[in-house]
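Chemist: Those sequence lines, one after another, are chains Z and W.
Following our numbering, the numbering of the first sequence begins with 40 at its first residue and continues without gaps.
Following our numbering, the numbering of the second sequence begins with 57 at its first residue and continues without gaps.
Derived from the structure by calculation, the hints contain no laboratory data.
Check each hint, because a few of them may be wrong.
[Stated by the list, open to error] To be clear about the criterion: a stretch of chain Z counts as covered by chain W if any three or more of its residues have a C-beta under 8 Å from a C-beta of chain W, and this derived list gives those stretches:
1. 45-56
2. 59-71
3. 105-112
4. 120-132
5. 166-172
6. 210-222
Backbone N, C-alpha and C fix where the C-beta goes; we use that ideal spot for every residue, glycine too.
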Amino acid sequence: MNVAMHLSDGIVDAPTSLLYGVIAAAGLTLAASRARRELDERTAPMAGLVAAFVFATQMINFPVLPGVSGHLLGGALAAILVGPWTGALCVAIVLVVQALLFADGGLSALGTNITNLALVGTAAGFLVALALRRYALRGRRWLVGVAFVSALVNTVAAAASFVVQYAIGGDAGVGLGTVAAAVLGVHVLIGVGEGLITGLTVGAVARARPDLVYLLRTAPSRPVAVPA
Amino acid sequence: MSRFLVAFGVVTLLIAGLLSYLADPDPDGLDAVTRRGCTVDAAQELAGDCIARDAREHALADGPLADYAVGGDGALTGLAGIAGVLVTLALTGGLFWLLRRRTPTGRVRRLARPCPSFRKPGGLRRRTDRATPTGAGPGLSPRDGP
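Make a model of the complete structure from these sequences and hints.
Modeler: Below, the structure is given as C-alpha cells:
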C-alpha cells in the first residue's frame, strides 16, 4: 500500500472539512495574486519543474521507525527555490493531482491537506528561512543548514495544523493530548528526513545555478532603473 | 531551455520512474498514527478506537492510476509516477507561465543576480561599462570649458 501523508475523507467531520476548504481557497487565491511578483520568463519554467520534483519525491517513502515511513512534504523546498507564494501553489497543485489521479488524500479532505502542507507548512518553513537568510547568504554550506532547519519546521508545523483540525472536527474518541504527542513526535523524525532532502536539493541547485535560488536573490523592494 | 532545467527534469523523471520502486511500503507517519489502536479486519475496514476510525475509502479508488499503480498493477508504479510528473509539470508550467511578469530581459537579469558569495568565478561578470572614474568621462572636467 503506497499512501502518502495526506488525510483521508472522514477523519475530520464535514463542517470542519468545509471550513478548511474555504481557508484553502482563500489562501490559494492570495498566493496566485502574489506569485506574479516571483514569476518571470526565467523562474516560471523552474517553478513548474520544482512542482514536478515535489510530486516525484513525495513518492519516495523513507523509513523513520519500525513499520512507519515518511516522505517529503516539500513546502520549504519549493519556497526557498521559487518563492513562498509560488511554492504554496506548487504543493497545492501536487495535492490536487494526487487526490484526483492517484486516489491519494481524500476529496473532501483536500482543503485540510492544502491548508496543512501547502499553506501552513510552506509559510512556517519560509518564515524560518527568511529569519535565517543572512546566514544563508554566507555560503553554500550555510544555505544547506538553513534549508535543513526550515524544512524540519515545515514538517512539524504541517503536523501541528492537523492536530488543530482534529481538535476542531475529529470525533474518534482518542484524546487530543495523545494525538498531539503521537503526531508531532513522529513528524519530528520525518522532518529530519525532509531537512536532509531539502538541504541536498537546495545545495545542488545553488552549486549549479545560484541565480535560480529565490532566497539568495538580491531582489530590491522597488524596481531598479535599467541603465540605457 | 537551459541545460540545468533539462537535467533537473531528467532527475525528476528518474526519481518518479525508478527510485519509486525503492520506496518504503510501510504506512507513513500520519497513517500509522491515525490507525494506532485499530485493527484491519477481513474486509479491509478499520475496527477499534483510533483517529482514522471513521475514515472512508477514496471516492476515486477505482481510478486507472489509483495508489500509484496502473490499472491496479503495482509493478507499473514507475509509469504511474512518470505520468504524475508530466501532468504536474503541464498544470504548474501552464499556470506559472500565465501568471509571470512580462519584464524587459535587462531588469530580470538584475533582479535575478545572486549575492556575491555565490557568484561563480568567471560566471556572472561585474559590469564595467557603468563605473566611469571621476573626471575621466568626456565633457565632465572643468578644464574642458571654454
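Chemist: Against each hint, give a clear statement of whether it holds in the structure.
Modeler: Outcome of the hint check:
| no. | hint | in the structure |
| --- | --- | --- |
| 1 | 45-56 | holds (count 6) |
| 2 | 59-71 | violated (count 1) |
| 3 | 105-112 | holds (count 5) |
| 4 | 120-132 | holds (count 4) |
| 5 | 166-172 | violated (count 0) |
| 6 | 210-222 | holds (count 7) |
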